[in-house]
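Listed in order, the protein sequences are those of chains A and B. Numbered continuously in our numbering, the first sequence closes out at residue 309. Numbered continuously in our numbering, the second sequence closes out at residue 560.
Source of the hints: derived by calculation from the structure; they are not laboratory data. Don't take each hint at face value.
[To be verified] Computed spacing ranges between beta-carbons, pair by pair:
| id | chain 1 | residue 1 | chain 2 | residue 2 | range |
| --- | --- | --- | --- | --- | --- |
| 1 | B | 422 | A | 171 | 56 to 64 Å |
| 2 | B | 495 | A | 283 | 24 to 32 Å |
| 3 | A | 270 | B | 495 | 23 to 31 Å |
Note that the structure is predicted; figures quoted are calculated from it, not measured. A virtual CB, placed ideally from N, CA and C, is assigned to each residue, including glycine.
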Amino acid sequence: MNCITPIRLNPVGFRSVFINHYCLIRFNIKHKKPHEKAHPSSSLGSLSAAHQLFDELRQRVCKTEVLMEEENWEASSSSETEEPGFAADDDEEFHSGPKLQFRVGSSKARWVTELGMAEVEVKRGKLWTTTGIIRSGKTYCFIEEALYLSEIGELQILGNEDVVIPLKGLYEMVTEEKSGCCWESYEVYRYLKGLGYILGRHGVPWTSKGAAIMTPSGEGEDSVTKLLGDMQLCDAREVFDVYLPNSRFKKSSPGEPSFVACLSGDSPPSKEDVRVLQSRIAAPLRFCHIAQGRVSFFSFSSINLPILP
Amino acid sequence: MAPRWKWKGAEAKALAEPISKSVSELQLSLAKTESTGSLSSCNVLLAVEPEQAELLDRCCFGRLVLSAEKVKKWIQLSFEEAFYLLYILKCIKLSRQGRFLESEVEIWMYMRTKRPNFPVFFKAYSHLRSKNWVLRSGLQYGVDFVAYRHHPSLVHSEYSVLVQSGDSDRLRVWSDVHCAVRLSGSVAKTLLALHVSGNSNREDLNLPTCLGNYRVEEQTISRWSPELSREDDETTSPKPKVTNVSNLKTP
Chain A
1 MNCITPIRLN
11 PVGFRSVFIN
21 HYCLIRFNIK
31 HKKPHEKAHP
41 SSSLGSLSAA
51 HQLFDELRQR
61 VCKTEVLMEE
71 ENWEASSSSE
81 TEEPGFAADD
91 DEEFHSGPKL
101 QFRVGSSKAR
111 WVTELGMAEV
121 EVKRGKLWTT
131 TGIIRSGKTY
141 CFIEEALYLS
151 EIGELQILGN
161 EDVVIPLKGL
171 YEMVTEEKSG
181 CCWESYEVYR
191 YLKGLGYILG
201 RHGVPWTSKG
211 AAIMTPSGEG
221 EDSVTKLLGD
231 MQLCDAREVF
241 DVYLPNSRFK
251 KSSPGEPSFV
261 ACLSGDSPPS
271 KEDVRVLQSR
281 IAAPLRFCHI
291 AQGRVSFFSF
301 SSINLPILP
Chain B
310 MAPRWKWKGA
320 EAKALAEPIS
330 KSVSELQLSL
340 AKTESTGSLS
350 SCNVLLAVEP
360 EQAELLDRCC
370 FGRLVLSAEK
380 VKKWIQLSFE
390 EAFYLLYILK
400 CIKLSRQGRF
410 LESEVEIWMY
420 MRTKRPNFPV
430 FFKAYSHLRS
440 KNWVLRSGLQ
450 YGVDFVAYRH
460 HPSLVHSEYS
470 VLVQSGDSDR
480 LRVWSDVHCA
490 VRLSGSVAKT
500 LLALHVSGNS
510 NREDLNLPTC
520 LGNYRVEEQT
530 ISRWSPELSR
540 EDDETTSPKP
550 KVTNVSNLKT
560 P
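So that you can see chain A by itself, here it is in the shape it has in the complex (with noise of 0.2 Å):
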């Protein structure tokens, strides 16, 4: 029987059945009946047909947990290969983990402490038409925005005296959570990018022609001021439009988002809290629960059950 070159078996799984498969062996072998005495040439032929029937075993259930992963894989990664037109320097955004080829950063921003934005310098790239908002012709981006771009080596952010921010620094912003984005939604939103979304600040116009950029008390009616003053509350809150991934996504016309992403704290949202938010967004809702670094997505949504004849 031939054996297929296993590729990333779960040495744990793998243990567990590899128990499961030996105690079968054994227990047939226990079993015998009762008049066959055990003779120790006869005893050690049936455990080496026992430790080849092993094998076999073993080998079978590699090539099924190789099987499994490799489905599991292809589900996963499928839009990768078919969306041929999505920009190259977007696809380093589809891996995660072990695989992800950071470049050094090409594009430069510099932060602006009164907008709690930073203003982009240089661009390197396509990803720009997925980040950041447009005002007078400018590019701004926020806090997740940047720190992302700056994990995947994209991004340079220069603060005082043109010195670049380090990664800690940004964290630190984030955990501080006065640029308008907290761990939880980074989280979401750095879980999203990783996989092609794309994700903008709900309420926040990506382009704003001919307006100036406000500091972020004048920017719009409820985001940016909602989502500074909302942060202690932790009541459910909207925080990110999504997309779906777009390579021909404009900003000038981004249409409307696929879902928003919602954060409720720590628990669930109570009905009331998916009523009142539902009134006012008419993209479908999904709640984020962040846990051990780990995003679930949730929808609650109001049906009717139709009257059956």
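Use these hints to put chain B onto chain A, whose structure you have.
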């Protein structure tokens, strides 16, 4: 989620014999024979003719108690099922310890003392039943009920139902949500939360008429997987992990 019919002719059969029709037949039959169930601390035992047992099964009320007796059949009904037949369909009567129970209020109070959440559960049950959905116990799936579009022999259940009321502490932490959704998904059902509200005054609950003051709101809870939906996902619900039902053979 579209209904998953169990075999090729199932949908047509369901259309030909709507649940509402079966329920009407059941109602007439039981009323005619003045069927009386005996109320115990946790359920109701109803003695019926074999044809009535068949009708009850067609509408999915109760469970048949297997016995050698051929003349009469014994059906075990839950409080919700029994009270629905008694109070809504008005086709059975109840007795307790040999004494015939005239008063619906007395029965209601008795059931309430045995199960404090009975009013809320009954409201949820009758809410879906009156829309002609078939409800069965959801214990196997870790929920309160499972809801079918028609008889379980014809269709897979679409929803696993959890009853929520104002003061209940279900699904109050995220791990509960993860758990309930995962359980439902692994058996290819959508989690349906029925929010029952109203009747904040405890006193009102003493009368079954309080049922009129309840409001039921339906809410589905589902998990979305960003890895699987990047292509072109118009809907908000995740692609269900279902087995391919077209392979199921006709029973």
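Each hint, compared with the structure:
no.	hint	result
1	B:422 <-> A:171: 56 to 64 Å	holds (58 Å)
2	B:495 <-> A:283: 24 to 32 Å	holds (29 Å)
3	A:270 <-> B:495: 23 to 31 Å	holds (26 Å)
Checked against the numbered hints above, the structure violates none of them.
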